[in-house]
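Undergrad: Using the sequences and the hints, build the whole thing.
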Amino acid sequence: MRGCHTCSVLLNDRHIRHRPHELIHMRPSKSFRRRLRQKERRYYARLDGHFRDRYSRYRNPKWSKEKNKKRIHRLCKVHDSALYFHIKFPSNFSIYSQSDSDDALRACCAISDSHRRILLDLSRVELISAAAAAMLMSCIYKALSKGTFIKCNHPADNKAVAVLQKIGLFSSLGKKSPLSTSVMNSYPDVECWYVYSENSFDAKTIYECVHDFAKHLKNRDESQEISASGIRKLEINVKELIANIVEHAYSKEYTFDKRWLLFARYDHEKHWLTIIISDSGKTIPTTFVQYHQDDPGFSGRIKSALNSDRRLIAMAVQEAGTGTQKGGRGYGLRKVEQYVQEFGGGLFIYSRNGFYKSDGSTAYIHPIKLRKPVEGTIVDLILPLESLLKA
Amino acid sequence: MDKTVSIPDDFTKYTGLRYKSLTPGASGEEFRDLILIPTLDSAESVTVILDGNISEYLPSFLEECFGGLIRIKRYTFDEFCRRVRIVSDLQPQLIEDIQYYVKKETDK
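Those protein sequences? They're chains A and B, same order as listed.
Residue numbers for the first sequence, in the working numbering: 1 to 391.
Residue numbers for the second sequence, in the working numbering: 1 to 108.
In case anyone wonders, no lab produced these hints; they're calculated from the structure.
Cβ atoms here follow ideal geometry from the backbone N, Cα and C, with glycine treated the same way.
Among these hints, one or two may not hold up.
[As the list claims (entries may be wrong)] Computed from the model, here is a short list of chain B residues facing chain A with C-beta under 8 Å: (1) Y14; (2) R18; (3) T23; (4) P24; (5) I54; (6) L58; (7) P59; (8) Q93.
TA: As structure tokens, this is what we get:
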């Protein structure tokens, strides 16, 4: 509180070079943080305007309009680099290969670690995978709830802009959507992305969400009508994964924004249905150790697996019904894995430094080593659409 | 005397998670404490009907209802089978799941 009060005084006194939140030692209340964020946003918008006005004096009347615009843009970039911490995103923003995942995780970790103003430099981004997008949004939501001020630029590639707009990046940062609906519709593979975000568990909402997505697929193509049993199985998988987030990742002691994200998309080329559920809360290895460290059946094995997050995730998934004092746990993920294997699909879990791949899944995602920790957990379900369609 | 309890009709059509704190009004804990145990206390046996739900049952909901019942009442497996009858014509695998949760608890 002390630091934030100092901040607000500095803001009123128009100190341009102050660094908000550097003095924060105590966590302020939610409403205070919201008011402070609004205040900061107004302040930096004013500051940006101030710099743009100042640089407009450097306009050379002899130069063309375009050249002047470029010059002012360059000067504003200099101002941005002084005020904001730049995070550069790679051209292929994905976590499906080793080199891509290294770059993507480096960028996302920088967002999570930073406590100052951030500029997301997305100008080079050309390709964005759904799992990486989920990871990015989790990091952004957590950073925003910590009070970090985030600004971003647009990728040069319009399709990448469309993807970022679809996943709600610009709206979450309070920016106007850069592309109109008609331009968005010109990318059919982006248009079929289904994004949903919530911060609580409501069985009715999840039910409607899964039915919406099935309807969305059917509206696009009559032949893609998912059967009633397919919808039920999809629903139980999605519900189970969200239940895990609400029950374990966002337990009572977790004080940041308890938001989970659901991405669903249909891959026209491979005829895969991809469902990604992500959170920014406690990871699976953390909660598994927390629940089972005193369990005599597990303590020995946990000790030997403490250095391997992959093994801890595998234990959490495969050891169904791991009894604790509070009752049987661990049935859910096992059930999800069984369903996925029944469909002939894949289950991929990224949590902390561990990457778990279901044994029965088709090997189209190569096992990777996560060199930096993932913010929270990302669960990637890949299901072949044929197995869900109406016979 | 046998009593019948239907989860969709007497509790909710959209079942939630394990604890009341996570999904108030739709949790396994509430169904067990407010409906199942009082009914068992007033009757010799209870028939629990699962069919008719709109939203799917989660393992955590069912485990807390029936596994939790064993943790509280300390029934043996045979006693549970004698006093609680589960009916689900549409999803018979749920009955097997419940029996598995109960067996796990009674074997402890």
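Undergrad: Against each hint, give a clear statement of whether it holds in the structure.
TA: Hints and how they fare:
no.	hint	in the structure
1	Y14	holds, 4 Å
2	R18	holds, 7 Å
3	T23	holds, 6 Å
4	P24	violated, 11 Å
5	I54	holds, 6 Å
6	L58	holds, 6 Å
7	P59	holds, 4 Å
8	Q93	violated, 10 Å
When held up to the earlier numbered hints, the structure conflicts with 4 and 8 and fits the remainder.
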